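There are 2 protein chains.
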Amino acid sequence: MFYQIRRNMSAAPKLVAVAESRRFMIDCFKAVKVPQAYAEDQADLLVGADYRGHFSHGMNRLEMYINDLAINATDGAATPKILKETPSTAWVDGQNGLGAVVGNFCMDLAIKKAKTVGVGWVCAKGSNHYGMAGWYPMRAMKQGLVGVSMTNTSPLMAPTRAKEAALGTNPLAVGANATNGDRFLLDMATTAVAVGKIEIQRRKGAKLPDGWAQDPDGNNTNDAELGFSTGCLYPLGGSELTSGYKGYGLGAMVDVFSGVMSGANYSTKVRKWTHAGADTAADLGQVFIAVDPNCFAPGFEERMTDFNGRLRNTTPTDPSNPVLLAGDKESHGMNSVDEAGGIQYLENQIKTCCMLAEKLNIKPLQFID
Amino acid sequence: MFYQIRRNMSAAPKLVAVAESRRFMIDCFKAVKVPQAYAEDQADLLVGADYRGHFSHGMNRLEMYINDLAINATDGAATPKILKETPSTAWVDGQNGLGAVVGNFCMDLAIKKAKTVGVGWVCAKGSNHYGMAGWYPMRAMKQGLVGVSMTNTSPLMAPTRAKEAALGTNPLAVGANATNGDRFLLDMATTAVAVGKIEIQRRKGAKLPDGWAQDPDGNNTNDAELGFSTGCLYPLGGSELTSGYKGYGLGAMVDVFSGVMSGANYSTKVRKWTHAGADTAADLGQVFIAVDPNCFAPGFEERMTDFNGRLRNTTPTDPSNPVLLAGDKESHGMNSVDEAGGIQYLENQIKTCCMLAEKLNIKPLQFID
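Taken in order, these protein sequences are the chains called D and L.
According to this note's numbering, the first sequence holds residues 1 to 369 in order.
According to this note's numbering, the second sequence holds residues 1001 to 1369 in order.
Extracted from the complex, chain D is given alone in its bound form (with noise of 0.2 Å):
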């Protein structure tokens, strides 16, 4: 949620390798009673996160997961349970257990009816708030599978002509791979912006582009202050003008499939977003898909090759700003962290990090050299 900027320090800046970035994350999981695995699937969702440069969604979350996990408002120890099977689908409760526990069990799940009759799709209510949707998608990816996976949020977004938040950021992510390691892998949330980027515009003391935010009255603002306070972004799109409704029926639709369909909180029902982690159990709902693209035309891989080409390929509008491809960004980020040999956290980050070491009675995060 929250956007972390990355300021000019005079210093050298402290690197973390991203092994020990997981350590540390296992630890803190672990000290709030989660079992080694499920500390394990949390820290390495938001390794992950961190290591593609989705700051706002890595260690940045790390100390609202642990303060729900400390009043109980999840239950770290939890594990997901089956509660109706056919062979392409399941319907899962994910007993309030952590967002990573619960995603990984029901991709796994996708994966397993999709390999046995080409499509798996798994619907999971009682979950938290489960990362970068992206994660899930590349879980299927590594068995050679396309993956699909979508989560409800808190209410942030306000439909096309209301003036009040009905739905949430609610993204929704796809991957399918090409050859060689190439790949399509869109993660999206369905609202124009994330809050983040309006609290970017805020700590500048920049204006808010048209199509970000509303005001309190339901009209576009272009005060960050007040869009930030008034927690109404536009979906995707923008204003009626520009098809914002199109984005806001992205929104639901991602809720119909997740809150919906699982039984779930759903719409106004899911609690308001908190940092500082809530008093109730979130009872968020998720859907994870699994397809077999080898149940269709033969070499889809080497078409998405050819695919991701034409689209990267295209002739670009300004030749030093390259035509990229969802998910090129997050490949960018992984290639700046291993040249750079570890992660570049914020010093602000950092304190928490400190800070949480110190409650918890853990190790430290420890810096590379």
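Hint data in this document are derived by calculation from the structure and do not stem from the laboratory.
Among the chain L residues that face chain D by a calculated CB cut under 8 Å, a handful are:
hint, residue
1, A1192
2, T1242
3, Y1266
4, R1303
5, M1304
6, T1315
All of these numbers come straight from a predicted model, not from anything done at the bench.
Every residue, glycine too, gets a C-beta built ideally from N, C-alpha and C.
Dock chain L against chain D, hints included.
Okay, now just chain L, sitting in the frame of chain D:
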């Protein structure tokens, strides 16, 4: 594609009964050797679009289909063929048949599979323009299922940062029943707007809003004439600043699921759009998905009713402009036709019908007295 403007006509409007519009279109198709059942499939789709107020996708397209059939660019007698099957999937060759024939065949197959194993996922290659994307989910909804369909189309959308088109308007449609005939029915192109909306501005001599269309250099244009002639629509979301890359990602996702997965044409391999009919087979790709909501939490339709109400009842910005749900505009369109007692076509459309009746030697379109 081409929107129709309802002008104020001095004479009383000429109304056409829904059944008569259907009769006329069936006769047209039969005149170019389409078998009765397939002529009905295609006419039902077109009159269904007109009935719902989607005039661009209704009888407006008749001439294009007839042209394609007359020169055998589409094979009106072709029967789709299953190439490969699993319990939850099928790969179909549309054999260059009419879009509605291929679409109905595939969705019926998906429905059958969903009823057996929970999900049916059917991909077709060798298809043609399949009309209103929402038509196929409606078929699944009649069976108590949730339906999805997507199709690729001729290149008209420029990827973010590009100055040439590499994806079509690539629509997706999703439908789910609520109780008492209410439902959620999303049917949207993944471009910001359809070409027809640009044509309307052009006819009016009005400017285009930002985020609709590009000029030949890849920049935003407000010049409707230039936007129309360039044929590079912005994806949903508009420019990069307003997250147009999400709409671009969605358009690509539709092509992955419809074109790439089915082994049909995709991206720039799809033939250029022509209203007059083309001289090569389109080989479009499509996907049809049916899901049985009873495989998940019981009471799906009751929750959909509550969900729909929560969205429609959000406080409106302008109380005279109520908040709508995806599909509400189409319901209003049907009510208008029912109240008027028939469909009011444009004068130009009626002229085209006269011309077609003469050319094909069939009974002209009749009006309500």
